[in-house]
Every structure is written in structure tokens, then in C-alpha cells.
Amino acid sequence: MRNYKILVLLAHPNLHTSTINKAMISAIESLDFVLIHNLYENYPDFYINVEEEKRLLKEADLVVFQSPFYWYSVTPLLKLWEDEVLEQGFAYGDGGNELEGKDFLLALSTGGKQEAYRREGYNYYTMTELLTPFAATASLCGMNYLEPFVIHGSYTQNGEQVQNHARQYQQSLQTYVEKGCWVLNEDRRDD
Amino acid sequence: MIEDSLLFNVLIYLSAAVLAVPLAKRLGMGSILGYLIAGVVIGPWGFGIISNVEDILHLAEFGVVLLLFIIGLELNPTMLWNMRKPIFGLGGSQVLITMLVLFGLALLAGFDWRTALISGMAISLSSTAIALQIMTERNFLSTDTGNKGFAILLFQDVAVIPMLAIMPLLSGRETFDDSGDVMIAALEVIGVIALIIIVGRSLLRPLLRIIAKTQAREIFTAFSLMLVIGISLLMQSVNMSMALGAFLAGVLLADSEYRHQLETDVEPFKGLLLGLFFIAVGMSINFGLFLEQPWEVLGIVAVLVIVKLLIFYTLARISGITMSHRPLFSFILSQGGEFAFVIFAVANSYNAMNTSVSELLVVSVAFSMLITPLLILLYDHVLLPRYTLSKADIEEEDTEIDHNTVIIAGFGRFGQIIARVLHANQIPTTIIDHNPDQIEQVRNFGFKVFYGDVRRKDLLETAGAHKARLLILAVDDREAGFKTIEICRNHFPELTILARSWDLIHHYQLKDKGVDIIERETFHSAVRLAEHSLRELGWDAHHAHRNTLKFTKYDEANLERLYEVHKDRDKLISLTQEAKEEIERIFAEDEHTIVRQNKQDKAWG
Chain A
1 MRNYKILVLL AHPNLHTSTI NKAMISAIES LDFVLIHNLY ENYPDFYINV
51 EEEKRLLKEA DLVVFQSPFY WYSVTPLLKL WEDEVLEQGF AYGDGGNELE
101 GKDFLLALST GGKQEAYRRE GYNYYTMTEL LTPFAATASL CGMNYLEPFV
151 IHGSYTQNGE QVQNHARQYQ QSLQTYVEKG CWVLNEDRRD D
Chain B
1001 MIEDSLLFNV LIYLSAAVLA VPLAKRLGMG SILGYLIAGV VIGPWGFGII
1051 SNVEDILHLA EFGVVLLLFI IGLELNPTML WNMRKPIFGL GGSQVLITML
1101 VLFGLALLAG FDWRTALISG MAISLSSTAI ALQIMTERNF LSTDTGNKGF
1151 AILLFQDVAV IPMLAIMPLL SGRETFDDSG DVMIAALEVI GVIALIIIVG
1201 RSLLRPLLRI IAKTQAREIF TAFSLMLVIG ISLLMQSVNM SMALGAFLAG
1251 VLLADSEYRH QLETDVEPFK GLLLGLFFIA VGMSINFGLF LEQPWEVLGI
1301 VAVLVIVKLL IFYTLARISG ITMSHRPLFS FILSQGGEFA FVIFAVANSY
1351 NAMNTSVSEL LVVSVAFSML ITPLLILLYD HVLLPRYTLS KADIEEEDTE
1401 IDHNTVIIAG FGRFGQIIAR VLHANQIPTT IIDHNPDQIE QVRNFGFKVF
1451 YGDVRRKDLL ETAGAHKARL LILAVDDREA GFKTIEICRN HFPELTILAR
1501 SWDLIHHYQL KDKGVDIIER ETFHSAVRLA EHSLRELGWD AHHAHRNTLK
1551 FTKYDEANLE RLYEVHKDRD KLISLTQEAK EEIERIFAED EHTIVRQNKQ
1601 DKAWG
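Here the protein sequences line up with chains A and B, keeping their order.
For what it's worth, our numbering labels the leading residue of the first sequence as 1, then goes sequentially.
For what it's worth, our numbering labels the leading residue of the second sequence as 1001, then goes sequentially.
Everything labelled a hint here was simulated from the structure, so no lab data went into it.
Even glycine gets a Cβ: it sits at the ideal position worked out from N, Cα and C.
Each statement offered as a hint is correct.
As a list, the in silico DMTMM-like pairs of lysine to aspartate or glutamate whose alpha-carbon atoms are at most 25 angstroms apart: (1) B:Lys1213 / B:Glu1440; (2) B:Lys1550 / A:Asp83; (3) A:Lys79 / A:Asp94; (4) B:Lys1550 / A:Glu84; (5) A:Lys58 / B:Glu1589; (6) A:Lys54 / B:Asp1555; (7) A:Lys79 / A:Glu100; (8) B:Lys1553 / A:Asp45; (9) B:Lys1550 / A:Glu87.
Simulated restraints, written as ranges between beta carbons of each label pair: (10) B:His1491 / A:Gln174: 42 to 50 angstroms; (11) B:Ala1424 / A:Asn49: 28 to 36 angstroms; (12) B:Leu1207 / A:Gly159: 55 to 63 angstroms; (13) A:Asn49 / B:Trp1539: 17 to 25 angstroms; (14) B:Trp1539 / A:Ala136: 32 to 40 angstroms; (15) B:Ile1417 / A:Pro44: 15 to 23 angstroms; (16) A:Asn97 / B:Glu1564: 31 to 39 angstroms; (17) A:Trp71 / B:Met1323: 51 to 59 angstroms; (18) B:Lys1513 / A:Asp61: 39 to 47 angstroms.
Just chain A, with the same shape it has in the complex (with noise of 0.2 angstroms):
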């Protein structure tokens, strides 16, 4: 098997039609210590195979949600994977440490523009509160929640703004695996 240290799970139910999910992955996907797991093309069937799921969580350092943002959460086959893999006696509870010590990020594309989710803004709430169940998760099955990696507002951006969203991404990465540490750009930083 390969050696990677970055799992991507990506859950797009429409990857044909996306463009800002599409470039994110071919920007990433030639690096060889990032492992693509396209969960819609694999499970079309939402039979999710747990057995194997765990075995690649085991050999990642990071594990990386990336969905697009619809009603203020991942799309439903990521949910059922927690639901599925994050099992008592593996992810929680009594020996359940197996995913202990590793890193947990979000990337995340949304519809809304980055102002809409203040206070002032028609969504309310920031991102951060909105993304509140995730670090919960990550913090009770051992994780280090990483600050998110978001894209707003990704009907408006044209060709120039996603190829440099995407390099963004790919440099995270790169950065991550080559230095230890998560750094995000300032304008990232939800306020």
C-alpha cells in the first residue's frame, strides 16, 4: 500500500458539475503524501465499507474533510461515515484511541460571501460557531482541530481567483507535511 500522511475525504455528490471542489483536487492530487478518497464515487450506494475505513485512518497524520457547505453542514454521506466509522472502542470510550494525536481539518466551500456569516450578515452566525460539532468531534475522538480552510462565496469567483484558491490549498499542504505546522493565509481567518 502507499504511504501518505494526508487523508482527503471528499464528499461531493456532484463533482462533475463543481468547479472550485474540482480544482482544489487536481491541484492536490499528484502529491504523493496525499491519499484522495472520493467517498461518492466509491459508496454511490452509501454502503460504506467500516472495515476499511479504519484501516485508512490508521496511517494518516491528518485526516481532511472535504465537502461542500449545504444547511450549515458536510454533505449527508460524510455524516453517515462518522456515524459509521467513529465507532465506540475505536474513535471514543474505552479503547477507542486509535485516532488520538492526529490532526483534523475541515475544507469547506460555501455559497454565502465571508460577510454573511457575522452578526450583521443574513446568516448570523461566524463559521466558527456554525462549525462547532466538528471540533467537538475531533476533540472527543483525540484530535487536533486545525482552523478550517474555507472558500465563500464560490459561485462569484471566476477562473484566476479558483486556480489561486487551489494553490493556496496545495501550498497548506505542503507546508503541513514539510514543516509541522498548519498556517493559513490572513484573509482566511474567520472574524
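Go by the hints and put chain B onto chain A.
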């Protein structure tokens, strides 16, 4: 005497073809040149083995007729209607301009006006046989350039009719009033064409169906030939071009389900007769006359070819044919054609032209046919390498029609479902079946199904197997299926084959033979019924669904595992037994885990 026997002649033609064509191809000259040279060698001016050239030429012209029938099969009436502009615009201007230029040149050369006019008319026409053969060999007809070339040839086929019709008026004899005769002739022509259209539209398909139902292949072939010969003779009886009639019949059948089978059946006859035609042309070249008047002949050939080349090149430019295609287009159409022989013969019978001139012209036209393959060689080896193919060219070449990405072999209960799913998703398919009743029935529901035997390589090829992405094998005959797979694996290795299996043994046989994707025929419907059974027994819907899905996954993995040992019967049985126990154990364990987890995790309770 043995030399006179028909079989002896056939032997000579076949040996000449078998020797000359591969040799010519080996030398990079193309098959037409091979045939022509073979003709020269066995003809009266070569070894003189064959002498009755006229008769042979007459018989072999039928190859041109079959060629046009096949081309008609590829063009349905709508496509033909869409071609009306190039046919009349390009074709009309080509014939008219060439005719006038040659007429003028002939007058300048001092011919009398009748001889000049007849020469102009006869030589303005190109050789359908040579041009179409070259275009088919190069797969050129489906391109825009090929299309325009074909349109011109089609117009010429029509134009020959009035040319022959005015011949009596040009005769040296006293003119007489024959307007009544012309009226009757015109009515006859209209009557025959109407008859062909009506019969072709309403009677032919049911008739073909009855014949296909007899399942006797040779009868189908016999009928195909009978049909073409019948129509040709009918057309000839009213002095129309036989080839035009056959073309019309082809167009009328282009929509029918028997199109591919007709094409496959007629194809070898067309090939042989067309070869014979080229041999006959080679034989008919009068080298005696050439030796007597070499400069006159060479001069006429040069004028003929150069004038036609210039006119075709200009037309190609005006009509927007891509740069790199323009010389090829002109070369392909640059010769005098078989119609010239007919026109000169008729003109002589009416004493309408100077006989010595017409003899010279016949030799020159035959020579010009010999030159075409040489020009093509020139194009391939000298001109083509100079044009670097631009992107626009590629896009233009890419106008292939009617080669669908998916072929469905067999349109019974199984194939129909597949086709419905694919059609619902707008995937184009070519469907082939061999049961005429079935075809007729599903045609009523709007499916386009072709009649044919998928065990034949040539039929698969006509259906586009060399271009398609997928072949879905849905025939209900095991042996036929195996045969089809074998052909596809040998001749169309790019094709992905999908098939259903009836049982374990068949499943593994398909796998051995190289089928890419196999599904068990009754498996999924049986699993679905099992799911319904669980629900009827009171299980929750999702629970029943999940567990049957889980069973499917285990069973499919198992099928792969057993493949390794399937040739060893004892091992297969013991492993199958083991697998059955394993599945039951795993299910019991999983069920236990879920119950345990639900107890431990309050949230699930």
C-alpha cells in the same frame, strides 16, 4: 474450347486481381491502380488473354450501381434534402463551367461545334466509380470535403440524362419533330421514379421482414441483389442511369432496420464487380491508337486533367473546403468518367460527332482514369506532409455521423431495459437484433433497431464497433455470445464489453473470454424480492435494505474469490460451502455489534 468458357474467364479475372492488387498495395499504389494495370496486362494490348472487353465492361458497370446503392443506404431522405445546396450549387456550376470551357477549347482546336459540345459534355463528368472508391477507402465521405465531392458526383449522375436526351437533336440527320416522344419519355421517367418511391416506402420493409424471418441468409442476399438489379433495369428501361435508381432505393431503405444487413450482404459483390470494372477499363485502353497518335492522346489527356483540376480547385476554394483538402478534392475528381464512354457511344450511333475524334477521346478518358491514382500518390507522399494539420482541420474532420458510442447486441427483455435507461440519459445507441418480429414490435414503440447477426465481424463493423466505446451483450444464445466476444476481442480490442451471466459457470466463462463487466442475470431481482420478504416479515424498511445490500457486497466479493479456484471442482464446492457459513457468521456478528452499541450508546437507544 476451354478459353471461351465463362469459368476460365472468371479464373483469369480473379487471378489478375489477386496478383495485381496486393502487389500494387505493397508498392503503395492503392488498389485501383492495381486493377487498372491488371486489366492492361490481360487485355487485348497486353497478353491478349481476354478479348470481349465490351461485354465485361457492361457487366462490371453493375459494381458502380451497387456502390451507389450502398451509399444511398447511408443517407436517409432528410440528409439528402439537406445536401440540396451543394448538389445543385456546386454540382451544377462544376458541370456547366467545365462543359463551356472544354467546348471553347475544342472550338479553338478547330472541331465542329457538335463534336466540341459533345466532348465538353462527356468530359465534364467524373468517374463515380474511381472517385467514390477512393473516398470510401480513405473514409473520406463522412467529412465535409467528401460530402461536397459526393454532391457533385450525384449531380453528374442526373446531368447525364439530359445530355443523352439531346443527342438525337445533334444528329447529322434531318431534324424531325419529336416533342410528343419527349413528353411520353418524361412521363415514363416520372412514373418509374414514383413507382420506386411508393414501393420502396410501403412494400419493401414488410417484404424484407418476411424474408428475414425465413432465417435463410442466402435468400436475404439473393433478395438484396434482386432488388438492386430489378430497380436498375427498370430505370434503364426509361433511359435513366441505373446507378441513380439504385441510389434512390438505398436512400429509401436508409431508415429501415435492415440497413446494416443489406449493406453487409451487398458489399462483397460491390467490391468484386467494381474491381472487375476497373480491370475492364484497363483492358479497354486502346494502345494501338495511342501508338499511332501518341502526342494527340497525351495532349488531350493533359488538357482534360489540367482544366478539370483548375476548375475543381477553384470551386473547392470558393465553397470553403480546408486548404489541405483542396488538392485531394481536385485530384479525386480530375478524371473523365464511365459516362463519357456511354455518351460517345450514343453520339456515334446518331452520327453526331466525328468518329476519329471520339476514338481519341475514349482512349484519353481511360488514360485520365489511370492518372488519378498517380495523382493521389503524389498527394500522399509530396503534398500532404507539407500541410500541418491545424486545430480547425481536426474539428472539421470530426463530423463523423451515425457511429454511436454504445452498441446493444440483442434487444429482448434484457437489452430493452438497458436501452431505456441509456436513452433516458440521452446516450446514443446502435441496437442490433436478429428477430424480425421483435424488431417490428419495438419499432412501434419508437426504438430504432437494426436487423443483423452479431456473430459476424463485418456486421459489427458496419454497426461501428471500431469506433464505439461499449458493447453490451444482451443476446439470449450462449454460443452466439461467445462468438461475438471472440470477434470483438480479436478485432476491436478497444471496445469495453459488458454482459450478463446465467450461472456461475457461464459467469466464469465470460470472464475467461475477456468480458470486462459481468452482472448475474437474476441476482439483483432475487435480492430485491428477498428484501421485500424481510419487510413482509416485519423488518424496518431501511434495516431490510441495508442487510440485503450487505449480502450483495459479500456475495460479489465471494464471486471474485471463487474465480481463482473455479477450475478445480472439489475446491469450488468446499469453498462455496465455507463462504456460505462465513456469510451467516458475519451477519450474526454484525447484528450483535449493532445491538451492543445501541445499548452502550444512549443516544442510539
